[in-house]
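Number of protein chains: 4
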Amino acid sequence: MPEVLFKVDLTKPMEEQELPGHNRWHPDIPAVAAVNPGSVFRVECKDWTDGQVQNNDDPSDIRDVNLKRVHVLSGPFWVNGAEPGDLLVVDILDIGPLQGAEWGFNGIFARENGGGFLTEHYPEAAKSIWDIHGIFTTSRHIPGVRFAGITHPGLIGVAPSHDLLSTWNRRERELYATDPNRVPELAAMPDPNSTVLGSLTGAEYERVAAEGARTVPPRENGGNCDIKNLSKGSRIYFPVFVKGAKLSMGDIHFSQGDGEISFCGGIEMAGFIDLHVDIIKGGMAKYGIIDNPVFKPGPVEPRYSEFLVFEGISVDEFTGKQHYLDAHLAYRRACLNAIEYLKTLGYTGEQAYMLLSTAPVEGRIGGIVDIPNACCTLAIPTAIFDRDITPR
Amino acid sequence: MPEVLFKVDLTKPMEEQELPGHNRWHPDIPAVAAVNPGSVFRVECKDWTDGQVQNNDDPSDIRDVNLKRVHVLSGPFWVNGAEPGDLLVVDILDIGPLQGAEWGFNGIFARENGGGFLTEHYPEAAKSIWDIHGIFTTSRHIPGVRFAGITHPGLIGVAPSHDLLSTWNRRERELYATDPNRVPELAAMPDPNSTVLGSLTGAEYERVAAEGARTVPPRENGGNCDIKNLSKGSRIYFPVFVKGAKLSMGDIHFSQGDGEISFCGGIEMAGFIDLHVDIIKGGMAKYGIIDNPVFKPGPVEPRYSEFLVFEGISVDEFTGKQHYLDAHLAYRRACLNAIEYLKTLGYTGEQAYMLLSTAPVEGRIGGIVDIPNACCTLAIPTAIFDRDITPR
Amino acid sequence: MPEVLFKVDLTKPMEEQELPGHNRWHPDIPAVAAVNPGSVFRVECKDWTDGQVQNNDDPSDIRDVNLKRVHVLSGPFWVNGAEPGDLLVVDILDIGPLQGAEWGFNGIFARENGGGFLTEHYPEAAKSIWDIHGIFTTSRHIPGVRFAGITHPGLIGVAPSHDLLSTWNRRERELYATDPNRVPELAAMPDPNSTVLGSLTGAEYERVAAEGARTVPPRENGGNCDIKNLSKGSRIYFPVFVKGAKLSMGDIHFSQGDGEISFCGGIEMAGFIDLHVDIIKGGMAKYGIIDNPVFKPGPVEPRYSEFLVFEGISVDEFTGKQHYLDAHLAYRRACLNAIEYLKTLGYTGEQAYMLLSTAPVEGRIGGIVDIPNACCTLAIPTAIFDRDITPR
Amino acid sequence: MPEVLFKVDLTKPMEEQELPGHNRWHPDIPAVAAVNPGSVFRVECKDWTDGQVQNNDDPSDIRDVNLKRVHVLSGPFWVNGAEPGDLLVVDILDIGPLQGAEWGFNGIFARENGGGFLTEHYPEAAKSIWDIHGIFTTSRHIPGVRFAGITHPGLIGVAPSHDLLSTWNRRERELYATDPNRVPELAAMPDPNSTVLGSLTGAEYERVAAEGARTVPPRENGGNCDIKNLSKGSRIYFPVFVKGAKLSMGDIHFSQGDGEISFCGGIEMAGFIDLHVDIIKGGMAKYGIIDNPVFKPGPVEPRYSEFLVFEGISVDEFTGKQHYLDAHLAYRRACLNAIEYLKTLGYTGEQAYMLLSTAPVEGRIGGIVDIPNACCTLAIPTAIFDRDITPR
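Protein chains in written order, with my numbering: chain U, 1 to 392; chain W, 1 to 392; chain F, 1 to 392; chain A, 1 to 392.
In case anyone wonders, no lab produced these hints; they're calculated from the structure.
Cβ coordinates follow ideal geometry from the N, Cα and C atoms, glycine included.
It is possible that some hints are incorrect.
[Stated by the list, open to error] Here are the simulated DSBU-like pairs of lysine-lysine, each with C-alpha atoms no more than 30 Å apart in a straight line:
id, chain 1, residue 1, chain 2, residue 2
1, U, K281, W, K343
2, U, K343, W, K286
3, F, K321, A, K243
4, F, K321, A, K286
[Claimed, not checked] Computed spacing ranges between beta-carbons, pair by pair:
id, chain 1, residue 1, chain 2, residue 2, range
5, F, R146, A, E112, 53 to 61 Å
6, A, D58, U, A285, 42 to 50 Å
7, A, M1, U, V40, 16 to 24 Å
8, A, K286, F, G38, 54 to 62 Å
9, A, N80, U, D9, 31 to 39 Å
10, A, E120, U, D9, 52 to 60 Å
11, W, D386, U, P192, 48 to 56 Å
12, U, V40, A, P192, 40 to 48 Å
13, F, D131, A, N55, 58 to 66 Å
[What the hints assert, rightly or not] Facing chain F, a subset of chain A residues (Cβ under 10 Å, in silico):
id, residue
14, T178
15, D258
16, R332
17, E340
Build the full structure now, drawing on both the sequences and the hints.
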């Protein structure tokens with residue numbers, strides 16, 4: 001087992017860990033450890049909510065979750081020699097649950113506190129608990145399915161530069177300001193409440209807490225991409241924006257469907273990640289990797305050969321209004337079509353919604369130019385069910 | 001070889017074929033043939049433009065294409081016994097180019113005449129010709145790549161009911177009317193010019209030509225979905241809206257990348273499709289398949305195990321403006337990131353754009369809930385290149 | 001479509017074709033055509049028996065087959081510039097049935113005339129006819145299964161040198177002579193009866209007919225390897241033994257299981273192959289490819305993810321006698337175990353035997369060192385059945 | 001983490017473990033624990049040699065290994081309710097190295113002490129050490145390769161009945177007696193030396209030690225099958241021969257090539273297995289699973305799409321003698337062909353031999369009926385190399 005550079009105690013909140021992590025993006029959060037290019041190390045992570053959700057049947061913890069606390073991250077790790085303009089090469093050598101904590105949760109956030117992709121359809125909080133049996137998972141809340149996870153860090157990224165941070169805060173505030181009272185909100189703004197910033201204290205803590213970008217969206221630094229295929233064996237090429245790169249991670253999903261549609265989220269769990277890091281000097285310009293990370297998926301994703309695929313187009317399901325090449329809407333319609341189908345198998349809408357958010361379903365952009373309809377697809381691997389679900 | 005129910009002569013326009021097809025959707029276009037459930041038959045198809053593009057190096061035919069002529073379809077086929085409320089089950093048993101016409105084209109439409117996903121970046125017309133060698137294709141216009149196609153009908157669908165047709169025309173006109181002078185246009189409206197309607201003539205032709213929905217967008221009837229994985233061996237479940245179902249198809253792609261981003265399009269070709277049809281009586285209600293077709297992909301898609309994956313987020317590349325969970329924009333950014341990378345390998349932007357539109361690249365919705373950024377990914381199978389393209 | 005360099009008329013025997021092929025290996029059989037490195041061409045092939053088996057339910061043609069006639073091959077093709085010591089690089093660009101002949105046969109040879117892997121268990125002749133529907137096949141003689149073929153030439157190879165031919169004839173005669181009266185015979189010896197040798201006539205025909213090696217076994221030149229994965233898109237590297245290489249092929253299988261256990265054989269059919277050829281000068285020594293061809297499989301084999309796997313060990317099923325690391329026997333036991341299982345699903349032993357010979361089952365060498373038992377496995381893709389066949 | 005029912009201390013030999021395991025098959029070895037159908041538990045295992053091989057560069061431990069000690073197994077586990085005639089259903093939920101022992105060994109046994117598949121070619125002892133980095137492994141002794149393991153128990157099986165044990169001992173002794181002085185020996189006979197039999201002592205120990213079958217070969221009870229695809233997520237159906245079934249396992253391989261050709265072996269390591277067990281009452285007769293286990297492979301094997309495939313035929317490489325459909329010999333020739341190829345890349349024969357024994361190469365039976373040559377293939381996934389190894 002590689003050296004554990006970041007340990008977590010699941011009974012304690014992030015600020016009380018031996019090495020406290022952080023839950024905002026800021027270049028001035030101090031590194032917890034320094035590593036050399038070529039080194040291998042293990043990082044333990046708490047679940048993204050810092051332990052707010054319990055392994056029981058009561059969704060009130062989902063309903064009342066404090067979202068200012070998310071995502072509690074492990075890091076940042078300073079990579080010796082990394083400088084702006086380089087590429088940081090990160091291999092995910094292994095990832096899994098912590099021993100003794102082989103379970104995860106999924107849920108539907110209440111519309112008033114978080115929402116999700118289908119919050120207009122499913123505005124009430126719900127919860128499903130998933131038991132992890134080796135490579136497989138099942139849920140007592142969604143019977144009849146069992147699948148192997150494509151385990152991945154929902155969030156992994158490097159620190160932004162001060163300039164990049166300013167850009168983020170500016171552009172997100174402009175969007176937020178267009179409808180500041182919207183529920184759910186349009187963007188999560190910097191907020192010093194519930195903030196954890198590693199070893200920072202005093203005035204420096206106050207400054208960084210006020211400036212630090214929220215971790216919810218994916219951005220130029222990677223971050224909360226929630227890409228399910230960024231799994232075991234993946235190699236990621238991150239653009240480096242600050243000296244030392246300052247790599248952080250968390251939000252481990254035992255499994256997730258493309259889109260993470262319930263927002264809460266995949267099968268959320270505490271866990272470990274084994275990493276190998278390296279540097280390509282000057283790689284950003286050399287390879288044109290400027291605006292976002294690039295990655296190669298690993299070789300051990302679960303293998304499926306039969307899928308049932310649902311299509312959706314960009315016509316609003318409530319009003320019938322035609323939208324212009326709107327892939328968000330088209331994917332929502334594909335998800336809703338899948339849910340209607342799953343209901344004919346006996347699932348409730350909420351169960352189906354959580355299943356699409358947790359199982360390894362594939363969300364594709366089919367056609368994005370056929371004016372005025374985008375066409376997106378949702379593909380469900382049929383082998384996750386304990387019976388044949390195809391139409392006869 | 002199954003019986004050929006629809007033959008095409010590539011030297012003649014669609015209206016002069018032995019059985020003329022059609023290029024509008026309308027329930028009153030007469031069927032060209034009737035088939036029984038359980039039957040197998042072959043349908044030949046012209047390319048979607050009705051032969052407007054030549055196998056040469058001059059993109060002027062792309063630039064000047066008459067888009068009112070698209071998509072010339074083969075059909076409709078009447079399926080005996082099919083009634084509204086049923087599911088029409090269509091198996092694509094085989095598909096390929098016509099003998100002696102083993103080539104296809106891709107192009108970039110001019111912004112003033114068609115446009116495409118990246119028309120603001122690449123507003124000029126361009127063309128690439130693809131030679132088909134058995135399961136593989138190469139292009140003299142994009143050197144260094146060779147791949148096996150996932151051949152599919154870009155367009156396959158059933159006739160709408162009169163009601164459904166009215167809904168389409170209404171909702172699309174409402175969108176169109178919000179900016180009727182936009183270039184490219186927001187939606188393609190009914191237009192009697194260049195219309196082909198099978199055997200209709202006279203007043204009936206005039207009426208249907210005025211009402212017939214354009215074939216460009218995918219809709220409830222399937223239609224121009226441009227889903228690359230709807231390939232050999234797929235089984236599609238169509239909702240039936242009119243007696244006889246009235247199945248039509250065309251726009252065959254030897255290969256296409258997810259999104260068909262250049263709009264012109266995949267590797268466009270004339271070809272044949274072998275079909276098997278069947279009916280599930282009352283299947284729409286039984287399986288909740290109401291709003292769009294559902295399908296099972298076939299088993300012989302090309303197999304890749306290594307990909308280079310590009311991410312994109314919903315921040316406008318020109319203005320830096322933040323958009324809210326906009327998957328269209330996020331996928332555009334992912335495509336642009338991939339193009340920047342491909343440029344470092346020596347391709348022009350236009351070559352890279354056409355490559356992403358033709359090769360079997362996968363477009364995925366990663367995260368669609370992480371406010372305010374959608375995260376989409378574009379995965380390029382690295383084996384299509386004649387050299388190792390990963391960063392070193 | 002590429003130029004057809006070898007056409008077949010299915011109503012005529014091989015010697016009456018426009019260009020007669022051959023059914024023996026000999027360096028002095030004249031080439032039917034010369035091709036340049038880099039060229040693409042089509043070759044049509046008769047089925048391996050030269051049309052002796054009919055599309056009906058009567059197995060008497062299988063029982064009475066003339067095996068001295070097999071395999072009728074198309075070729076040889078002279079590759080300009082190829083010389084001993086080179087590698088001949090052959091791409092199988094496409095392969096399929098001839099139009100109008102979309103069917104194939106499988107059978108069990110009688111023990112007295114051909115035999116097969118399980119001839120002690122199934123000594124009587126049997127036949128199954130397989131209808132080809134695009135990428136799929138079904139048989140009226142083996143209900144409940146439908147699968148996509150991994151179509152391949154059972155036989156493709158280059159001409160031996162005179163020396164190599166002498167080696168073959170010597171070593172096989174030595175084996176044959178150890179039990180010349182065995183039924184089935186231990187090896188097929190040169191036999192001028194039923195011989196076809198292209199354009200050869202007179203004394204030269206007589207000489208070559210007396211010397212020509214039978215085409216039944218695979219050898220250093222490739223030949224009748226019956227490797228199911230040598231399919232569409234494969235690239236083969238043949239050692240070259242004579243000037244011009246003299247490439248021949250035939251014995252097309254729409255599908256075959258590993259081992260081709262019934263001997264008669266896969267789903268045997270007439271068909272076409274599209275080829276691309278090239279040369280690596282001096283490649284035999286450079287790459288150490290001396291004794292047998294090497295190949296890269298193509299990318300479009302049917303994709304399966306669930307298998308039921310049967311094991312076998314090298315203990316004789318009749319006597320209980322222990323054999324030493326005998327993989328032949330171990331695979332036979334695995335096949336017999338699979339047949340016993342398939343019988344519990346309602347198949348006869350003969351049906352199961354023919355199914356294992358035709359469906360894309362995988363035969364693996366598990367352990368070959370665990371004295372005294374070899375362990376071989378037979379993996380059946382479960383998706384070929386129209387029901388769930390796993391134990392419950 | 002599931003309850004650990006069998007723990008190992010790597011510093012102690014098997015007889016000194018808290019619960020001693022066993023290294024012979026015998027129905028009278030007492031169970032170490034009883035489990036209920038439906039239960040999940042973890043079993044830790046020592047490497048097959050009981051720790052005789054060290055993580056260093058000196059192959060003398062391989063050369064001098066005591067093979068009477070192998071395989072030290074964990075178990076037997078009594079499954080409540082299992083009776084002769086039932087099927088024991090075992091799910092391998094997870095498998096991996098022990099923490100702190102993330103390495104394994106491979107080697108070539110000396111011809112005088114163990115031998116192996118190619119012992120006539122490589123008679124001297126050799127060793128390679130493999131470091132495990134999450135899902136990947138590399139060896140300082142075989143540079144230029146890195147691959148993900150298909151981790152599996154080389155050995156897992158149930159206890160034989162007294163009758164079955166007698167059959168084993170009889171048939172193997174008969175073989176052994178045909179050449180008792182052969183080096184390597186034809187079969188491993190019962191031998192009380194170095195025997196471990198759980199808690200047995202005294203006269204009972206003496207009796208069982210004298211009768212107990214060696215664990216080297218796979219047999220009707222499963223046992224040392226060395227099937228690399230019996231990996232994570234597999235479900236195995238064992239015939240039950242004794243009350244309680246008495247399941248044992250060990251010989252964990254981080255990775256292995258088909259055939260485990262070096263005999264010493266795969267990448268041999270200590271490790272853990274998480275299991276789920278269940279029973280199908282009367283399943284042996286119901287499903288015809290009498291003579292050997294049947295299994296379904298799991299869904300997370302490493303995914304490769306490009307292979308270089310070597311063929312071999314059943315002609316002896318030393319004498320040129322023709323053998324009759326000998327798959328053992330054909331696979332040996334395929335392996336030798338692959339080794340010649342790998343030598344042209346710079347590997348020594350010994351390195352190549354160990355690589356084929358450890359990497360996830362596929363050994364297939366191509367044709368097994370084409371008299372007199374069997375044709376076997378060895379497929380090497382090209383992605384395990386850090387460079388392109390195909391001929392150019």
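Hint check for F/G38 and A/K286 - Cβ pair distance inside 54 to 62 Å: holds, 59 Å
A/N55 and F/D131 - C-beta distance against the hinted 58 to 66 Å: holds, 59 Å
31 to 39 Å as the expected CB spacing between U/D9 and A/N80, which holds or is violated: Holds, at about 38 Å.
Status of the A/R332 interface restraint (C-beta, 10 Å, chain F): holds, 8 Å
Status of the given 53 to 61 Å range, CB of A/E112 versus CB of F/R146: holds, 55 Å
Agreement of U/K281 and W/K343 with the hint, judged by alpha carbon distance not exceeding 30 Å: holds, 19 Å
Holds or violated: F/K321 to A/K286, with C-alpha atoms at most 30 Å apart: holds, 27 Å
Pairwise beta carbon distance, A/E120 to U/D9, judged against the given window 52 to 60 Å: holds, 59 Å
Beta-carbon spacing of W/D386 to U/P192 - inside the hinted bounds 48 to 56 Å or not: 54 Å Cβ-Cβ, so the 48 to 56 Å window holds.
Cut-off 10 Å, beta-carbon criterion: hint that A/D258 touches chain F: Cβ of A/D258 sits 5 Å from chain F, so the hint holds.
Supplied distance hint 16 to 24 Å, evaluated on CB atoms of A/M1 and U/V40: Since A/M1 and U/V40 have Cβ atoms about 23 Å apart, the given range 16 to 24 Å holds.
Distance restraint hint 42 to 50 Å, applied to the beta-carbon atoms of A/D58 and U/A285: Given about 48 Å between the Cβ atoms, the range holds.
The structure is consistent with each of the numbered hints, conforming to all of them.
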